[in-house]
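Colleague: The hints should help you fit chain V onto chain U, whose structure is shown.
Sequence order for the protein chains is U and V. Each residue of the first sequence is one higher than the one before, counting from 0 in numbering that gives the first Met the number 0. Each residue of the second sequence is one higher than the one before, counting from 0 in numbering that gives the first Met the number 0.
One should not assume that every hint holds.
Far from chain U, some chain V residues (derived; all Cβ distances over 12 Å) [what the hints assert, rightly or not]:
#1 I67
#2 R76
#3 E91
Chain V stretches covered by chain U per the calculated footprint, using a threshold of three residues with CB under 8 Å from any CB of chain U [said to hold, decoys possible]:
#4 21-32
#5 45-55
Quick caveat, the hints were computed from the structure, so don't treat them as lab data. Predicted model only: the values in this text are computed from it and were never measured. Idealized CB from N, CA, C, for every residue including glycine.
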Amino acid sequence: MNSIGQPQINQQIDFTGNWFIDIGMLGFINLMEEVYGWNLDVLREEIESEPEKVYYGYFPLAYIRYNLMKQREKKLNKTNNNELPFFKGSVDKKQIFEESWKFIEDNYLDDDGRIPLSSSNEFYYFHNFLFFQPKWKKEKQKSAFEEILGLKNLEDDVLVHIDKTVCKFLPSKEEFPNISYTGSLITNDTLQNIVPHSTIFVLTFPLGFISFINEKDEKENRRTMFYSSDMKFSYKINKKIKQMVERSTEKKESIFTVTWEAIIDTLIELKSQWALENMYLVSYNLTDNQNLINVEYIGIPKLQAAIIMDDTIRENLNKYIRYSKEIKWKWLIQEFIKGNLLYPTIMNHLNLVLNKDLELSYSSSLYSLLVESKILEFKKKNEKSQIFSPDYFDNYKSLIKNIKDEISFTSFASGLINQISESAETKNRIARELFETLKSNNKNMFLNILLKNLNGNKELSSNRNFYNWILKKIIANNTSFEMYGLILVMNLLRRKKNE
Amino acid sequence: MNEKNMYYWQKVVGDRPISMDLEDIREAVSEGFKSESLNYKQKLVYNLLETIRNNDQKEFFYILLKAINKPKKDYARLLEQLNNNYDVMPEEAFVNFAYTVVIGIMATYDGGEKNE
Chain U
0 MNSIGQPQIN QQIDFTGNWF IDIGMLGFIN LMEEVYGWNL DVLREEIESE
50 PEKVYYGYFP LAYIRYNLMK QREKKLNKTN NNELPFFKGS VDKKQIFEES
100 WKFIEDNYLD DDGRIPLSSS NEFYYFHNFL FFQPKWKKEK QKSAFEEILG
150 LKNLEDDVLV HIDKTVCKFL PSKEEFPNIS YTGSLITNDT LQNIVPHSTI
200 FVLTFPLGFI SFINEKDEKE NRRTMFYSSD MKFSYKINKK IKQMVERSTE
250 KKESIFTVTW EAIIDTLIEL KSQWALENMY LVSYNLTDNQ NLINVEYIGI
300 PKLQAAIIMD DTIRENLNKY IRYSKEIKWK WLIQEFIKGN LLYPTIMNHL
350 NLVLNKDLEL SYSSSLYSLL VESKILEFKK KNEKSQIFSP DYFDNYKSLI
400 KNIKDEISFT SFASGLINQI SESAETKNRI ARELFETLKS NNKNMFLNIL
450 LKNLNGNKEL SSNRNFYNWI LKKIIANNTS FEMYGLILVM NLLRRKKNE
Chain V
0 MNEKNMYYWQ KVVGDRPISM DLEDIREAVS EGFKSESLNY KQKLVYNLLE
50 TIRNNDQKEF FYILLKAINK PKKDYARLLE QLNNNYDVMP EEAFVNFAYT
100 VVIGIMATYD GGEKNE
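Pulled out of the complex, with its shape left as it was, chain U reads as follows (with noise of 0.2 Å):
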């Protein structure tokens, strides 16, 4: 790791924690593998090796490359990388830029003397920003250029104040709301003395997008981006969500679903668990005059992040269980980072079990309602202390063993129920009645019942385990008894089937 001051430092890319630099990073990083085709890899050794070669010669010219590809259909797309120049010997920034704006004049200039640069597609975040105007003529498009790349001083006041002509996600700059008397204190300079080569970033951010398109409704046009402060992470999960979109073109399955089903595969190969507990989901769509409409960002909050990090737990959440009549299915590892309660869901699932519709889908449930009723208890016990108590730092390890302790302990106590009687049909009387009890939530009748079905049970009633757990979990919990009654249910339905 080299010492701050040094040069290199200043020239390896990576996330900043500023979102919209970190955007536009990766918005950086996927023009470079969409025009020459390196990957996160091979572009960081291209920046260690050779960084005014990326930045002042390969970076214009894949921008307006990648401009023109979009436009003309990918015909673009074929011309082998081979032609493309490699600024032999030079290390001189404006050299580099020179040679590269030589290409670019060479190859795609127009009758008027232009590149026809176009702010279509994601580029419309840019409309009539600087050199999309159609009225640019090269000079002025090779002049805003030098000016993005720091080759020139800032002569175009639109880039000296970072704020909603550059950036959609910012107000513009005299309406910043608590300056009143200065404008925007996001300058350039103060950017670039931060993050070298800042104004690219602000070049690719809608570059690092993912567009999804809704026929049925423009309005519903959005594009979407996966956000955490793991460089590579991001990388990773943007890609697989933006394969994800492009083969399922038919089911139009939501975003977070998608987005989901990314990040859960690629937790499995990184393990990064420090980007997993600050995440979000940066979506936006503009309106014909580039108003933002539909701007969302959704963290993941860090229990939440913890509790999926276990290989077991994860894996029996992550599963879609049916819970109404029609076909309707919900992902239980969406319902739980949403931080929607559990309960419900299998409850109706439960339901749906007890008129015979559906065979039940026992372990996700008992990991639904065990990490649901600890997460419960956890809160109570602290509710009082701070928010940034020991267990958060720990990253909820203790909390995260009591669930998995619970889940044996349970599974075990709570099975012993079957022994309450050998049919099956009896045993499913007593699952509806008490089912009936848990929908008003009634733990009196909850347990009259119970133990009145059980009087009659000389060895059940007896059975230290059991009265044990139905004192300690049912008794005297206040908090969550009715998802340790659930489990009961579902251990009286679960040995029906069998039967």
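Modeller: Then chain V, alone, in the frame of chain U:
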């Protein structure tokens, strides 16, 4: 003020863990009823369950006290527990307490002497 009485009222507003107390009660009940006959206990449990169901605290304690109103040493600990815990309770607390008593009796089903 008595610690154990306090808990029921705290339960309504506060969050003290309760399992230890209930466990004590459960053990005292089991100890008391360990040598009664199975039939007797099953019938008793049935009657108790009926009263809990209606949240009839008066009847519950009436039946329970009648049952343990015997010159037996077994009941000493249970009587002490009742002495500490008896109160007019909010329903939530009563339900927890009463079912603990029932579970305590049921836990002795396999060990009772066949003296009937």
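Colleague: Tell me the hint numbers this structure goes against, listed in increasing order.
Modeller: Hint 3 is the one this structure does not satisfy, whereas the remaining hints hold.
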